[in-house]
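Sequence order for the protein chains is A and B. The first sequence runs 1 to 203 under the working numbering. The second sequence runs 1 to 203 under the working numbering.
Wrong hints could be hidden among the right ones.
Remember, identical chains collapse to one label, so a pair may be satisfied in a single copy or spanning two.
Computed cross-link-like contacts, BS3-like style, restricted to lysine-lysine with a CA-CA straight-line distance of at most 25 Å [unchecked claim]:
1) 22 x 202
2) 180 x 138
3) 46 x 2
4) 138 x 46
Hints are computed from structural coordinates only; laboratory data are not their basis.
Spelled out, the chains give:
Number of protein chains: 2
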Amino acid sequence: MKLYEFALAPNPRRVRMFIAEKGITIPTEQIDLRTGQNRTPQFLAKNPSGGLPVLELDDGACLAESVAICRYLESLHPEPRLMGTDARDQAFVEMWNRRMELELFTPISRAIQNTHPMFKERMKQFPDYGEAQREAVKARLERMDRELEGRQFVAGDRFTIADITAFAAIEFGSMMGVVKIDPSLERLTRWRESIASRPSAKA
Amino acid sequence: MKLYEFALAPNPRRVRMFIAEKGITIPTEQIDLRTGQNRTPQFLAKNPSGGLPVLELDDGACLAESVAICRYLESLHPEPRLMGTDARDQAFVEMWNRRMELELFTPISRAIQNTHPMFKERMKQFPDYGEAQREAVKARLERMDRELEGRQFVAGDRFTIADITAFAAIEFGSMMGVVKIDPSLERLTRWRESIASRPSAKA
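Only chain A is shown next, with the shape it has when bound in the complex (with noise of 0.2 Å):
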């Protein structure tokens, strides 16, 4: 196997750190997205929809999403369930892994296509509706704060997958300066403090 990804980018590293909390090794290559090699021919045979990361399995089968390779990878390598117990517990993990995805990554990446100058040559902006988008995170990031009353991790008591794609989500944004949690904010504080101190952060 073989993972295409991108050092800098979000959805790479959701995956990178999946990998690292599973304590497994995966052959990367590098395909630069702010230089277009996730557009040329070669890269789109393997993932017509360019985006990153892609697993390319042994038999030359190529897998893209997220969330895709994840479930994957949890099948092959069980231990530790980043994405649930039993059937029940899967569902629940999924249903906070999406809205994470949904409320949280989605705007974020949103508010920064369409205000950040890096994007200003990739795509057509659309900077009020980046500045709405930037408003929702800022109001899902309050609500996650009280979300985080009495659990310690997204899913409920358990580091998953959800806490994953928070966490790479919250990182991006802060990075490309459509994030910044207010201090008030002591739950959410606590735990990206929290998440930030585990190895697998570092991958």
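Following the hints, complete the assembly by docking chain B onto the known chain A.
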């Protein structure tokens, strides 16, 4: 179990189709999104995100997010397999389902939310952004037509959740004036007719 849903909304339709394909029955309760029944304190206690559908389990726990609900139902009623057979097949079905969701369902929803008069009162609209999303939908449908060359269904030779996601998106987009499939897209037209002819399409 009980499913909170709304007959006219696309995400509940995904789960209704999934349930119909499984041949099972789950009692439902309508939550009218148009009159804000999903924003009452009673409903927000079930799903703080305010989205539909929500599956209430017998112990009162509430599972939100369509795909999480479908995966849970797949675990309870494995046949017919709608989310893949073995781990590898499940990964590729998930990839295709996410592509249909992120690259088709999402831009259709955003085009509608940002341009349709029905959403004027419900959210701040960004019509230019909505128009750009409409163009993205058109391009993705053309690509989908090419992807369907030599395959009967979105993820290959078997009907899966990826077909449900794409179909629910396209039907909602058509109803709301955002999707119009050009008859020259013959494979897409043929696929759509084949899905529409399934009994579950009426669910």
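Here's how the hints hold up against the structure:
no.: 1; hint: 22 x 202; in the structure: within (14 Å within a copy, 43 Å between copies)
no.: 2; hint: 180 x 138; in the structure: within (8 Å within a copy, 36 Å between copies)
no.: 3; hint: 46 x 2; in the structure: within (12 Å within a copy, 42 Å between copies)
no.: 4; hint: 138 x 46; in the structure: between (36 Å within a copy, 23 Å between copies)
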